[in-house]
Amino acid sequence: GENVGLHLPTLSVQEGDNSIINCAYSNSASDYFIWYKQESGKGPQFIIDIRSNMDKRQGQRVTVLLNKTVKHLSLQIAATQPGDSAVYFCAEKKNFGNEKLTFGTGTRLTIIP
Amino acid sequence: EPEVTQTPSHQVTQMGQEVILRCVPISNHLYFYWYRQILGQKVEFLVSFYNNEISEKSEIFDDQFSVERPDGSNFTLKIRSTKLEDSAMYFCASVGRSEAFFGQGTRLTVV
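As you go down the protein sequences, you meet chains Z and G in turn.
Numbering-wise (the numbering used here), the first sequence opens with residue 1 and increments by one.
Numbering-wise (the numbering used here), the second sequence opens with residue 114 and increments by one.
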């Protein structure tokens, strides 16, 4: 069946260092991938997205890499800050439109001051 | 910045009781969703809603669940007879073109 999952459940990074969060998916029909950040007691917050016709997309301090050959997605956060501490989820859907999102299990990122 | 709002933020109910969770999506959005997140687990899709009808639902969304948009602004999720395992965070989301905007969630506790 469809599976979107994360390799590591927790990650601790020193403040100022870069972090990389990984995600594997198994549905080769997925066309659109999104990273969400979820702070305690809040809903998922959009960080960055990427379509399957791209392999890299950059935002402010964040970069998403997509490797469709091995069905792997990663989120790189540069120069981490205490406010980056949260749970990060990858999510996928079959197209760019209004289909449902399928979420991975999440990685808890802790920034050590 | 437009946002999705949900009420209540926390609901405690006795097993077997009915609950209604409310959401006000972003005003020009047309697609609406309910997701749930059991504590410490991933976010799971429940149902999607478009043009005043359900467009897709998951196996979690059984006969005990229903959704409606009674007045063109609110989007509600009703659980008719709550079970202990319904305890979770329930998130509403709305979509304009592609990006899903999530509300802050309702924490439902069934006792």
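Don't read these hints as lab results, they were simulated from the structure.
Even glycine gets a Cβ: it sits at the ideal position worked out from N, Cα and C.
Keep in mind that a hint or two might mislead.
[As the list claims (entries may be wrong)] The following label-pair restraints were derived from C-beta to C-beta distances:
{"#": "1", "chain 1": "Z", "residue 1": "G83", "chain 2": "G", "residue 2": "I133", "range": "31 to 37 Å"}
{"#": "2", "chain 1": "G", "residue 1": "S140", "chain 2": "Z", "residue 2": "K56", "range": "30 to 36 Å"}
{"#": "3", "chain 1": "Z", "residue 1": "A78", "chain 2": "G", "residue 2": "V224", "range": "23 to 29 Å"}
[As the list claims (entries may be wrong)] Straight-line C-alpha distance at most 27 Å; calculated DSS-like pairs for lysine-lysine:
{"#": "4", "chain 1": "Z", "residue 1": "K56", "chain 2": "G", "residue 2": "K170"}
{"#": "5", "chain 1": "G", "residue 1": "K196", "chain 2": "G", "residue 2": "K155"}
{"#": "6", "chain 1": "G", "residue 1": "K170", "chain 2": "Z", "residue 2": "K94"}
{"#": "7", "chain 1": "G", "residue 1": "K191", "chain 2": "G", "residue 2": "K170"}
{"#": "8", "chain 1": "Z", "residue 1": "K71", "chain 2": "G", "residue 2": "K170"}
{"#": "9", "chain 1": "G", "residue 1": "K191", "chain 2": "Z", "residue 2": "K71"}
{"#": "10", "chain 1": "Z", "residue 1": "K94", "chain 2": "G", "residue 2": "K155"}
[As the list claims (entries may be wrong)] Sample of chain Z residues lacking proximity to chain G, with all beta carbon distances greater than 10 Å (derived):
{"#": "11", "residue": "V13"}
{"#": "12", "residue": "D49"}
{"#": "13", "residue": "N53"}
{"#": "14", "residue": "Q58"}
{"#": "15", "residue": "A79"}
{"#": "16", "residue": "T80"}
{"#": "17", "residue": "N98"}
{"#": "18", "residue": "T102"}
{"#": "19", "residue": "G106"}
Hint check results:
In this structure the hint that Z/G83 and G/I133 lie 31 to 37 Å apart at CB holds, the actual value being about 34 Å. Checking the proposed 30 to 36 Å range against G/S140 and Z/K56 shows it holds: the Cβ atoms sit about 34 Å from each other. Here the CB-CB span from Z/A78 to G/V224 is close to 45 Å, at odds with the stated 23 to 29 Å. For the hint pairing Z/K56 with G/K170, the CA-to-CA distance comes to about 32 Å; that exceeds 27 Å, so the pair is violated.
For the given pair, G/K196 sits about 20 Å from G/K155 by alpha-carbon distance, which is consistent with the 27 Å threshold. In summary, the hint linking G/K170 to Z/K94 is supported, as the alpha carbons are separated by about 16 Å, within the 27 Å threshold. Between the alpha carbons of G/K191 and G/K170 the distance comes to roughly 14 Å, so the proposed pair stays at or under 27 Å and holds. Between Z/K71 and G/K170, the direct Cα distance comes to roughly 26 Å. Compliance with the 27 Å bound is thereby established for this hinted pair.
At most 27 Å may separate the alpha-carbon atoms for a hinted pair to count; G/K191 and Z/K71 exceed this at roughly 37 Å. For the proposed pair Z/K94 and G/K155, the alpha carbon gap of about 19 Å is at most 27 Å, so the pair holds. The claim that Z/V13 lies off the interface holds: its Cβ sits roughly 21 Å from the closest Cβ of chain G, which is beyond the 10 Å cut-off. Separation of Z/D49 from chain G is inadequate, the least Cβ-Cβ distance of about 7 Å not exceeding the 10 Å criterion.
Listed as outside the interface, Z/N53 is consistent with that label: its C-beta sits roughly 14 Å from the nearest C-beta of chain G, beyond the 10 Å cut-off. The beta carbon of Z/Q58 sits about 17 Å from the closest Cβ of chain G, which is more than 10 Å, so the claim that it is off the interface holds. Annotated as non-interface, Z/A79 keeps its C-beta farther than 10 Å from every C-beta of chain G; the closest such distance is 24 Å. Residue-level check passed: Z/T80 sits 23 Å from the nearest beta carbon of chain G, beyond 10 Å.
Chain G draws Z/N98 into its interface by the beta-carbon criterion, the shortest separation being 4 Å against a cut-off of 10 Å. In this structure Z/T102 is not separated from chain G by more than 10 Å, as the shortest Cβ-Cβ distance comes to only about 7 Å. Consistency note on Z/G106: stated as away from chain G, yet its beta-carbon is not over 10 Å from all of that chain's, at 6 Å minimum.
Consistency note: the structure conflicts with the earlier hints numbered 3, 4, 9, 12, 17, 18 and 19.
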